[in-house]
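Could you put the whole structure together from the sequences, leaning on the hints where they help?
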Amino acid sequence: MNPEADLLPGTLDLLILKAVSLGSLHGYGVLLRIEQISRGALQIEQGALYPALFRLVRQGYLKASWGTSDNNRRAKYYELTASGRQRLRQEEASWNRRVAAMNWALGTEGVQS
Amino acid sequence: MKLLAYLRALISALRHRREEDNDLDEEFRAHIERHAKDLERSGVPRAEAERLARIAFGGYARLKEECREERGGFWFENLWKDVRFGLRMLHKNPGFTAVAVVTLALGIGANAAIFSVLRGVLLRPLANQDEDRLLYLRQSATGNDDAGFSVPEIKDIGAKLKTIKELGTISQLDFTVVGLGQPREISAGVADGNYFHVMGLKPVVGRLLNPGDDGPNAAGAVVLTYRFWTSALHSDPSVIGKSVRLGSFEGARSATIVGVVEPSIPYPVETQIIANIVTSPHHLSATMVEGRVHRMTEVFARLAPGAELESARGELNTVYAGMLTAHPEVYSPNDHFQLTVTRMHDQINSRANTILWVLFAASGLLFVIACSNVANLFLARTVRREPELALRSALGATTAVLRRSLLAEALVLCGTGLLAGVLIAAPMVTVLSRYAARFSARAVGLTLDSSLLWIGVALASIAAVFLAFVPRLPSADTSKGFGISSSGVRVAGGSRRRQRIFAVTQITASFLLLAGASALLRTLLVLQRTQPPFEIAHVLAVNLPVMTDGRTPEQVSEFYQEVQRRVATLPGVEHVSASFTTPWRDAHSLGLNFSFAIQGAQRENALDDPRARFRPISSGFFETMGVPILEGRDFDERDRKSAERVVIISQSVAGQLFPGQDPVNRELRWTDPVMKFIGTSVEPRRIIGVVPDLDDQDLIPSAAMTIYQPSELEGWYGQRLFVRAKNDPYALIPAINHEIHEIAADQPVEHANSLEDIRAEVMTPDRLNAVVFGGFASLALLISIVGVAGVLAFSVSGRTREFGIRLALGASPRNVLADVLLEGLVIAVIGVTTGVVAGVFSVRAIARYTADFQMPGALPLIASAALILAAGLIASALPAARAARVDVVQALRSE
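Taken in order, these protein sequences are the chains called A and B. If you want our numbering, it's the position in the first sequence, counting the first as 1, plus 158. If you want our numbering, it's the position in the second sequence, counting the first as 1, plus 123.
Pairs of lysine-lysine, DSS-like flavour, derived with a Cα cap of 25 Å: (1) B:K187 / B:K204; (2) A:K176 / A:K234; (3) A:K221 / B:K187; (4) A:K234 / B:K160; (5) A:K234 / B:K187; (6) B:K325 / B:K365; (7) A:K234 / A:K221; (8) B:K204 / B:K215; (9) B:K278 / B:K799.
Output of the computed footprint for chain B on chain A, the stretches with three or more beta carbons under 8 Å from beta carbons of chain B: (10) 176-188; (11) 196-205; (12) 232-240.
These aren't lab readings, by the way, just hints derived from the structure by calculation. Ideal placement from N, C-alpha and C gives every residue a C-beta, glycine not left out.
Written out as C-alpha cells, the structure reads:
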C-alpha cells in the first residue's frame, strides 16, 4: 500500500496550526514541519499551503511578519495568535472526537496500535 | 473634500497592493529556492532540482491568484482593476457602448423621473399637521358624485360625534375684489372659524381665522393663500391689515387681510383667498342657514385622539343614515344618497393615482425593454469573448473572478448610463410634473431632489448585476464545449436561447406599451374629430365678473345691455350676446341643473321630476353660436320688459316631454326645492321656442336636456360675453376692452379666449396622455427594433458557415433571406402573442381594483400588432440581406 495518505479535506488548516504552534516558521518550514510531525506519512501539494496560510492570517489565527532567515535573507514568518491557539485546541478536540467515533463505527477500537 | 480623501485612500491602497504582490512573489520564490537547495543537497543536479521544485510547488499563477483572493478585501481592488479593463474594452467598441449606454440612459432616466414625480405627488405627506388624521367627507347621490353639504346637514351630522374631534367647513365663491391692485374676480373660500384648525395649517404672516371670526357680528377677515400672496402680491408683508371690498352676488362687504397661510394644497377647488362667513351676505341668509337642499359646502374632519378611520366611518354612516330617515321628503331612495369618508391624502391623490401608477408601470416596461436589449448586446459580446474567457479560466481564473470582470464591465456601462439618465431625467421631471399638475394640485412646483439620483443608482445596480449574471461562463470542465480555438464564434445554444427570450420580452413589453398608447391616441382622435354642436372657431368668450358694489340690480343689468350694444357696433363683429356660463370652462355653473315639470303632467312624486341644465342667456345667443331655432322664436326685448316668464327648450326636452306634440306655448315650471334659495321663481313659464341639443359640457356631445331663460332676470346676469368675429376673434380684444372701460373703468375683463381654444384646453389632458404614452411606446419600439436586429445579426454571423454551405449546395440567396426574415417574424409573433395574453391578464387584474380601466378596443390592438410585426420585419431585413450576401468561399474558408 502507498504509505503516503491523501489529506482529508479540512485537515490542512489544522495541520498548519499544529505545525506553527511549535514555533514561528516560514512557508517552506511549515511544509517541512508537517512532514516531520506526520513522520512523512502526509504529503501536501506544496503551493496549496499558501492560500491556506493567507486564509488563516485573514481569519486572525496566524500572524505574518517579515524577518531575516538563517541565510540572512528576507523571509516571511508565521506565528500563532492567541485566538489561533484557542482554535487549535478546539480543532484538536473535535478531531479526536471524530476519530473516536469513526473507530467505534468501524469496530477498530482497541485493535489498533 | 470627502471624495478627495476617499480617492487618496484608494490610490494608496492600490500602491500598497503592488508591494504586497511583490512580497507574494518573493515568498513563493524563496520557497522554491529552499526546496531546490534541499534537493540539490540530496544529490540532484542544480538545473534538475530547480525544475522539480517548480513542479512540486504547483501552478504558480493560479496559486498567486488564490492567495490574492484569500487575502480578503481584495475583491473591490480587483473590481477596480476590472473596471479599468472594462473601460478599455468599451472604448474599443464604441458602437456597442453607445447603443447600450443610450438604451440604459433612457430606461434609467425615465424611471427615475417618473418615480420622482410619483413620490412628490402621491407618497410625500401633505403639509397639514398630522395629515393622516385629516378626513374629507363627501355626499353623493345619483347623477352627482360630489353634491356638497348644506348647513342643516352639517349640523345633523356633526352633532355629538365621538370619533371626530372637530369639523371644518368651506364653500367656494367668486369674489370681485376691489382694493388689491386692479379689480378682479378671485376664486375664494368662505370658511368657518374651525377650518384652519381642523386642516392643521399655520400662518406664515399674521394670523388665520378662528372661532372669534364666526357669527354675523364679526368683522370681515381675509386670509391669503401662500401662492396668491407670493405670485400676485410679490410676498408684500404690508398687505396685512389692508382693507378690501369683496363683492359677491348678494352685495359687497369690507374685510381686513389678517394673514397668509403656509403653502398647502387647496382642495377641492383652487382658492386664492379664504374669508370668514360674514363677508358673504349669502352665507348669513336664511336660504343658506335653513335650506337643507342648499348644498355648497365642503366638510373636513379631524379624527379624535385614539379613534381610527374605520370607527369614524362607522359612526358617521350611522349618524348619516339616521338623518336620511328623519327627512324622507328630501332624500328619495331613488337618489341613493350616500356619505363617503376618506383620508384627505387619499382623496387628493385619487385622480392622479391611477394615471401615475399606470405611467410608472409603463416606465417599468421601458426599463425591462432597455435591460433586455443591453443584456442581448452583452450576451452577444460575451459569446464573442469566449476564447478570451476560456483562456483566463484555464490560467486559473475562477468563475467568481470572471463574473467579477463581467460585473465590472456592466458597472461601467450602467454607471455611464446612469449619468446620462440623470441628465435626461431632470428635464423630464419638469415636463412630467406639468403633466401631473393636470391631475393633482400637488404636482405644482414639484422640484428635483436627491431621491432621483438614488433611484437611478438603484436601477443601475440592478441592471449591472442582471447583466453580469446573464452570460454563461466557461466551466472548468472544457469538455462542455468552450474551446480556446480562435477560429471564430461558435454560438452556444444556451446563449442563443437566452437572447431569443430577451428579444421576445422586448417585443412583448413594446406591444403592451404600444397597445396602451394607441388606445389613448384613439380616444384623442375621436375627441378631435368630433364636431361640437355649435360654431367655435370665430367666437370669443370674455369674462365680465359681476360688480355689484354700489349698484342696483337694474344698473348691473343695464351695464351688460350697454356692453352688448356697444361691442356690436365695433367693426369686424358679427354678433354679440351674453350668457351666464362659458361652454366647457365654467365647470361650477355648467353643473347647474334643476328638476322641472310641465304643466298638466302626471307626477307621482316631486322628487322624481326630470332634470334639465339651467342656462340663462341673452337674446341673440343662438345666432352667435350659429345654431338655428327649430320652432318658435328667440328671446327679445319684450321678454325682459313684460311680466310674463318665458323659456326656450332643447330638442330632447321637447322630444321626451311633448312626444308628437307642439311644445310652443305650453308651460313648464321649476320644481327643484333649491329654487327658493336662489331667488328663482317657481311660477309657470311659457315655452316660446325649441333649439337643437347643444351640449356645452362634454367633449363628445350627448342629448342634453337644457332649458334656457333670459339673462339679467332674477339675478342671473350675462357675465360671459360672446363675440362672433368675421375674422380673427383675438384681434378684437383691445377694442372690446376699450369699449367696456368707457362704460365702467374698473370693470375686470378677463380670460378672453376663442371657444376653439377653450375646447382645446379641455382636451389637453387627453392630448398629453397620448403624447406621453406615445413617446414611451415609440422609444420602446425603437429599442426593440435595435434589440431584435441585434439578435438576428448575431445569429446570422454565427451561422455564416451554415449559410455558406447551403449556398454552395445550391440554395438560392432568396431562401436564405426568407429564412432570416422568418426568424425575425417568429420572434415578433411570439412577442405579440405573449403581449396579448399578458395584457388580458393584467387588465383583468387592474380592473379588479379600479373601475375606470377598460380593455382597449380591437382596432388599437390590431394596429399595434401590425406595427410590431412590421418592426420585426424591418429589424430582420438588414441581417437577412447580409446572410443572403454571404461569400461562399470566405464562409467555408473561415473555419
